[in-house]
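In order, the protein sequence lines correspond to chains A and B. For the first sequence, position 293 (counting from the first letter as 1) is numbered 293 according to our numbering, and the numbering increases by one without interruption. Counting the second sequence from 1 gives a position; our numbering is that position plus 295.
It is possible that part of the hints are untrue.
Selected chain A positions facing chain B (in silico; Cβ < 7 Å) [unchecked claim]: (1) ARG24; (2) GLY34; (3) LEU50; (4) PHE69; (5) VAL82; (6) TYR83; (7) ALA96; (8) VAL126; (9) VAL138; (10) TRP143; (11) THR145; (12) THR212; (13) PRO275; (14) VAL277; (15) GLY281.
Calculated from the structure, these hints are not laboratory results. Since we're looking at a predicted model, the values are computed, not measured. Glycine is no exception: its CB is placed at the ideal position from the N, C-alpha and C atoms.
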Amino acid sequence: MTTETVVERRSAGRKLAGLFHGRRRLQAGTLLAGPLAWLVVVYLGSLVVLLVSAFWSVDPLSGELVQGFTFENFELLWQESVYGDVIGRTVLVAAAVTVTDALLAFPIAFYMAKIASRRGKALLVVAILLPLWSSYLVKVLSWRTMLSNGGVINWALEPLGLEGPGYGLTAVWLVMSYLWLPYMILPIYAGLERIPDSLLSASEDLGGRPLTTFRRVILPLSFPAVVAGSIFTFSLTLGDYITPRLVSNDQFIGNVIFNNISTNLPLASALAMVPIVVMIGYLLVARKLGAFEHV
Amino acid sequence: MRLSRQSALVLRVAVGFGLAFIYIPLGVLAIYAFNASNILEWPPPGLTLDWFPKALEDESARQAFTTSLKVAAAATAIALLLGTLASLAVARHRFFGRETISFLVILPIALPGIVTGVALNNTFTQVLGIDLSLFTVIVAHATFCIVVVYNNVVARLRRVSASFEEASADLGADPWQTFRFVTLPNMRSALGAGALLAFALSFDEIIVTIFTLGAGEETLPYWIFTNLFRPRQLPIVNAVAVIVVLLSIIPVYFAHRLTREEGGATGGRGGRGREVEAEATAVP
Chain A
1 MTTETVVERR SAGRKLAGLF HGRRRLQAGT LLAGPLAWLV VVYLGSLVVL
51 LVSAFWSVDP LSGELVQGFT FENFELLWQE SVYGDVIGRT VLVAAAVTVT
101 DALLAFPIAF YMAKIASRRG KALLVVAILL PLWSSYLVKV LSWRTMLSNG
151 GVINWALEPL GLEGPGYGLT AVWLVMSYLW LPYMILPIYA GLERIPDSLL
201 SASEDLGGRP LTTFRRVILP LSFPAVVAGS IFTFSLTLGD YITPRLVSND
251 QFIGNVIFNN ISTNLPLASA LAMVPIVVMI GYLLVARKLG AFEHV
Chain B
296 MRLSRQSALV LRVAVGFGLA FIYIPLGVLA IYAFNASNIL EWPPPGLTLD
346 WFPKALEDES ARQAFTTSLK VAAAATAIAL LLGTLASLAV ARHRFFGRET
396 ISFLVILPIA LPGIVTGVAL NNTFTQVLGI DLSLFTVIVA HATFCIVVVY
446 NNVVARLRRV SASFEEASAD LGADPWQTFR FVTLPNMRSA LGAGALLAFA
496 LSFDEIIVTI FTLGAGEETL PYWIFTNLFR PRQLPIVNAV AVIVVLLSII
546 PVYFAHRLTR EEGGATGGRG GRGREVEAEA TAVP
């Protein structure tokens with residue numbers, strides 16, 4: 001009895017296997033059906049809905065959603081200089097945070113990948129992973145208290161006759177650079193790990209000074225990894241609205257989207273197109289640079 | 296790599312600076328968790344252990360913690376399934392539009408959280424007519440978690456030759472047996488690393504969560520968010536944060552063990568041999 005069922009089940013499996021055998025397309029299609037259905041229907045579908053609703057409008061009298069077709073939201077974004085300022089400010093801070101993080105992350109990643117002993121490397125990996133696990137909000141809160149008038153930063157700078165930046169754009173730049181630093185370190189570290197040490201030795205043997213080796217071997221080979229990290233630092237800054245609210249009075253794209261979402265959904269949707277377009281452009285360039293293998 | 300004494304020193308200083316930048320705010324936070332006063336002044340007027348038992352007894356915090364665990368576990372499970380399927384298709388098959396898959400998978404995490412949040416919120420409430428609930432949060436989280444599983448597994452599959460699987464098939468194994476006994480053991484640690492990262496992403500997510508969470512439900516970040524501006528609750532929030540950091544040592548330990556098995560930070564890029572090599576050439 002038992003042997004029979006085993007044989008039967010096996011033959012059913014065989015039949016199924018036979019169905020798939022040699023049919024590579026069918027195999028690929030079966031594997032892809034689930035992920036594609038999810039990503040295309042749930043995600044791209046939602047983005048399309050968002051795009052469509054960017055052309056709707058709100059009746060100024062009743063405040064009700066009019067599902068027509070109008071460019072007025074985009075015209076408003078274009079004409080009102082406030083929105084231009086907000087977009088410019090957000091993109092600028094995102095770029096500044098990305099550059100700052102790349103500069104801070106590279107030496108750490110390099111030390112981890114190429115210099116540290118095995119033990120030191122292990123400790124550093126844990127040291128970089130640990131803050132990634134502590135709450136984002138709590139880290140922002142910690143900075144909020146540190147930057148406050150009676151906070152640590154002013155307390156530490158006071159004897160030197162200096163004053164901290166307080167709340168504002170500088171604070172946003174500082175806090176975001178802090179928050180997203182591990183997202184930059186990890187891809188660069190992984191990218192540097194992939195460079196065989198023999199390449200570095202070869203450069204050395206051929207008379208390359210450390211700086212030359214760095215500039216002509218290490219930097220070009222690890223650049224895609226830096227770009228991979230920058231996708232995160234840039235995008236995370238572009239969409240964050242909680243940090244600006246907690247450590248500044250400045251409006252970022254995220255704040256304006258958030259503030260309009262319940263009163264003027266079409267305008268919020270139109271504004272959401274800005275980071276979408278910026279990031280899709282960024283991703284296309286990043287893919288060209290080979291960054292996707294490093295994310 | 297050998298460095299001159301000078302550049303080694305510069306590098307060490309840069310690393311020290313970076314680590315100080317990372318850890319000083321966490322240290323300040325930890326100190327405030329022992330602050331005897333409700334007011335966040337520096338230096339704290341006195342220290343106390345009172346907030347920790349209060350945080351552990353706080354019913355709403357405990358519930359939010361459990362909710363976050365549930366959401367993260369469910370989102371990770373979905374991401375594991377979908378990410379593995381997609382990576383098997385991309386790494387082992389050729390088909391039209393294969394290059395587009397990696398773009399599609401990366402999009403939900405590369406677009407800012409507020410875009411994902413607004414878009415999904417819009418679709419759930421306006422188009423599908425679904426009430427926001429834990430289910431909608433799980434769907435949203437799973438969407439941006441797929442990429443971390445996908446990337447880890449696809450990188451692994453590219454390194455493991457497909458000829459093992461072909462050999463298994465030639466020896467008479469059916470596709471399931473080949474997957475179970477050949478493919479799966481090869482990508483186990485990549486799956487583990489991907490799962491841990493997905494879990495971490497979901498557990499700490501706040502922006503997408505705000506837009507997709509049902510009324511009356513609270514994840515831990517959402518609980519923190521709502522209690523951040525209540526002065527009476529603030530010390531408890533700090534204590535909860537410290538407890539979460541301490542608890543996070545468990546998954547970080549496992550992540551570390553997984554990567555030790557493989558070498559590399561994100562699940563096996565580079566091998567063990569390279570680590571030894573790096574050690575041999577390290578600056579004394």
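**Request:** Find the hints from earlier in the document that the structure breaks and name them by number, from lowest to highest.
**Result:** 4, 5, 6, 7, 12, 14, 15
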